[in-house]
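Asker: Given the sequences, and given the hints that come with them, work out the whole structure.
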Amino acid sequence: MDLINQHLIKINTTLNTKSEIFETVCKLLEADNRLLDRQLFLNDLYEREGAGATAPGYSFAIPHAKSKGVKTASLVFIHLENEIGWTKSEKVKYIFAIAVPYEEAKDEHLNILAMLARKMMNEDFRKELNAAKTKEEYYRLLTASNV
Numbered sequence: 001m002d003l004i005n006q007h008l009i010k011i012n013t014t015l016n017t018k019s020e021i022f023e024t025v026c027k028l029l030e031a032d033n034r035l036l037d038r039q040l041f042l043n044d045l046y047e048r049e050g051a052g053a054t055a056p057g058y059s060f061a062i063p064h065a066k067s068k069g070v071k072t073a074s075l076v077f078i079h080l081e082n083e084i085g086w087t088k089s090e091k092v093k094y095i096f097a098i099a100v101p102y103e104e105a106k107d108e109h110l111n112i113l114a115m116l117a118r119k120m121m122n123e124d125f126r127k128e129l130n131a132a133k134t135k136e137e138y139y140r141l142l143t144a145s146n147v
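Quick note, the sequence shown lines up with residues 1 to 147 if you use full-length UniProt numbering.
Hints listed in this document are in silico derivations from the structure and should not be mistaken for laboratory results.
Being a predicted model, the structure only gives us computed values, none of them experimental.
Check each hint, because a few of them may be wrong.
[Stated by the list, open to error] Taking lysine to aspartate or glutamate and the EDC-like style, the derived pairs with C-alpha atoms no more than 20 angstroms apart in a straight line are: (1) LYS66 with GLU123; (2) LYS93 with GLU20; (3) LYS135 with GLU81; (4) LYS93 with GLU81; (5) LYS10 with GLU81; (6) LYS10 with GLU20; (7) LYS68 with ASP37; (8) LYS18 with GLU81; (9) LYS71 with ASP2; (10) LYS10 with GLU128; (11) LYS71 with GLU128; (12) LYS10 with GLU83; (13) LYS66 with ASP2; (14) LYS93 with GLU136; (15) LYS68 with GLU30; (16) LYS135 with ASP32; (17) LYS119 with GLU137; (18) LYS71 with GLU103; (19) LYS71 with ASP37; (20) LYS27 with GLU49; (21) LYS68 with ASP124; (22) LYS135 with GLU47; (23) LYS71 with GLU108; (24) LYS93 with GLU49; (25) LYS27 with ASP2; (26) LYS68 with GLU47; (27) LYS66 with GLU128; (28) LYS66 with ASP32; (29) LYS119 with GLU108; (30) LYS68 with GLU23; (31) LYS71 with GLU136; (32) LYS119 with GLU30; (33) LYS93 with GLU137; (34) LYS91 with GLU20; (35) LYS119 with ASP107; (36) LYS71 with ASP107; (37) LYS71 with GLU104; (38) LYS135 with GLU103.
Answerer: Next up, the structure:
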């Protein structure tokens, strides 16, 4: 199963809090049959978020969790219509939520984070992300291996 597909991409949406975002992440993963236990994953997502900031800048947030509630490694992408406060000092507009089965967590989790970090540091990627309008465009950007 691919890490991401167009069912795991939600664009131009209005969500105002982390709670709404985390619920949306769970709904998308659940609808694509990628969770074993929704509540367990949600709890793990909140626990990881509480351990430290997941907003590296550039209006990006990368909430992530290793969880026994996850069936298959997945990436959910959410483009918010308007920026929201993620921390006291960081506002975000682009959410890259990572869900990884606990058993596979170490390598898979780090590989996904490294891939996202490379993309986020690339100015061309950020410009294309800002210009994208459709799920198809976002999907192409997120799955391109040229970064």
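Asker: Taking the hints in turn, state whether each one holds.
Answerer: Structure-based check of all given hints:
Between LYS66 and GLU123 the alpha-carbon distance is near 29 angstroms, which puts this suggested pair outside the 20 angstroms criterion. About 14 angstroms separates the Cα atoms of LYS93 and GLU20, which keeps this hinted pair within 20 angstroms; it holds. Between LYS135 and GLU81 the alpha-carbon distance is near 14 angstroms, which keeps this suggested pair within the 20 angstroms criterion. Restraint check for LYS93 and GLU81: the C-alpha separation of about 7 angstroms stays at or below 20 angstroms, so the hint holds.
Taking the CA atoms of LYS10 and GLU81, the gap is near 11 angstroms; set against the 20 angstroms cutoff, the hint holds. Of the supplied pair hints, the one linking LYS10 and GLU20 holds, its CA atoms being roughly 13 angstroms apart against a limit of 20 angstroms. As the CA atoms of LYS68 and ASP37 are separated by approximately 8 angstroms, the hinted pair is consistent with the 20 angstroms bound. About 15 angstroms separates the Cα atoms of LYS18 and GLU81, which keeps this hinted pair within 20 angstroms; it holds.
Of the pairs offered as hints, the one joining LYS71 and ASP2 holds, with about 12 angstroms between alpha carbons and a cut-off of 20 angstroms not exceeded. A C-alpha spacing of about 17 angstroms is found between LYS10 and GLU128, which places the hinted pair at or below 20 angstroms, so the restraint holds. Restraint check for LYS71 and GLU128: not satisfied, since their Cα atoms lie roughly 31 angstroms apart, outside the 20 angstroms limit. Our distance criterion of 20 angstroms between C-alpha atoms is met by LYS10 and GLU83, whose separation comes to about 15 angstroms.
Taking the CA atoms of LYS66 and ASP2, the gap is near 17 angstroms; set against the 20 angstroms cutoff, the hint holds. Restraint check for LYS93 and GLU136: satisfied, since their Cα atoms lie roughly 18 angstroms apart, inside the 20 angstroms limit. About 14 angstroms separates the Cα atoms of LYS68 and GLU30, which keeps this hinted pair within 20 angstroms; it holds. Of the pairs offered as hints, the one joining LYS135 and ASP32 holds, with about 16 angstroms between alpha carbons and a cut-off of 20 angstroms not exceeded.
For the hint pairing LYS119 with GLU137, the CA-to-CA distance comes to about 15 angstroms; that is within 20 angstroms, so the pair holds. A distance of roughly 10 angstroms separates the Cα atoms of LYS71 and GLU103; the hinted pair therefore holds under the 20 angstroms criterion. The suggested pairing of LYS71 with ASP37 holds, with an alpha-carbon distance near 9 angstroms, which does not exceed 20 angstroms. For the hint pairing LYS27 with GLU49, the CA-to-CA distance comes to about 18 angstroms; that is within 20 angstroms, so the pair holds.
Taking the CA atoms of LYS68 and ASP124, the gap is near 36 angstroms; set against the 20 angstroms cutoff, the hint is violated. For the hint linking LYS135 to GLU47, the alpha-carbon distance of about 30 angstroms lies beyond 20 angstroms, and the restraint is violated. Restraint check for LYS71 and GLU108: the C-alpha separation of about 13 angstroms stays at or below 20 angstroms, so the hint holds. At roughly 17 angstroms between alpha-carbon atoms, LYS93 and GLU49 fall within 20 angstroms of each other, so this suggested pair holds.
Proximity of LYS27 to ASP2 is assessed by CA-CA distance (about 18 angstroms); at most 20 angstroms being required, the pair is judged to hold. For the given pair, LYS68 sits about 14 angstroms from GLU47 by alpha-carbon distance, which is consistent with the 20 angstroms threshold. Restraint check: the Cα-Cα separation between LYS66 and GLU128 comes to about 29 angstroms, which exceeds 20 angstroms; the hinted pair is violated. A threshold of 20 angstroms between alpha carbons decides the hint, and for LYS66 with ASP32 the separation of about 18 angstroms falls inside it, so the pair holds.
In summary, the hint linking LYS119 to GLU108 is supported, as the alpha carbons are separated by about 17 angstroms, within the 20 angstroms threshold. Simply put, LYS68 and GLU23 have alpha-carbon atoms about 18 angstroms apart, close enough for the 20 angstroms limit, and the pair holds. Distance check on the hinted pair: LYS71 and GLU136 sit about 25 angstroms apart at the alpha-carbon level, beyond 20 angstroms; violated. Simply put, LYS119 and GLU30 have alpha-carbon atoms about 26 angstroms apart, too far for the 20 angstroms limit, and the pair is violated.
Among the hinted pairs, LYS93 with GLU137 is consistent with the structure: their alpha-carbon atoms are about 17 angstroms apart, no more than 20 angstroms. For the suggested pair LYS91 and GLU20, the alpha carbons sit about 15 angstroms apart, so the restraint of at most 20 angstroms is met. A threshold of 20 angstroms between alpha carbons decides the hint, and for LYS119 with ASP107 the separation of about 18 angstroms falls inside it, so the pair holds. This hinted pair checks out: LYS71 and ASP107 have alpha carbons roughly 16 angstroms apart, not beyond 20 angstroms.
Of the pairs offered as hints, the one joining LYS71 and GLU104 holds, with about 10 angstroms between alpha carbons and a cut-off of 20 angstroms not exceeded. Restraint check for LYS135 and GLU103: not satisfied, since their Cα atoms lie roughly 31 angstroms apart, outside the 20 angstroms limit.
The structure fails hints 1, 11, 21, 22, 27, 31, 32, 38 (numbered hints given earlier, in ascending order).
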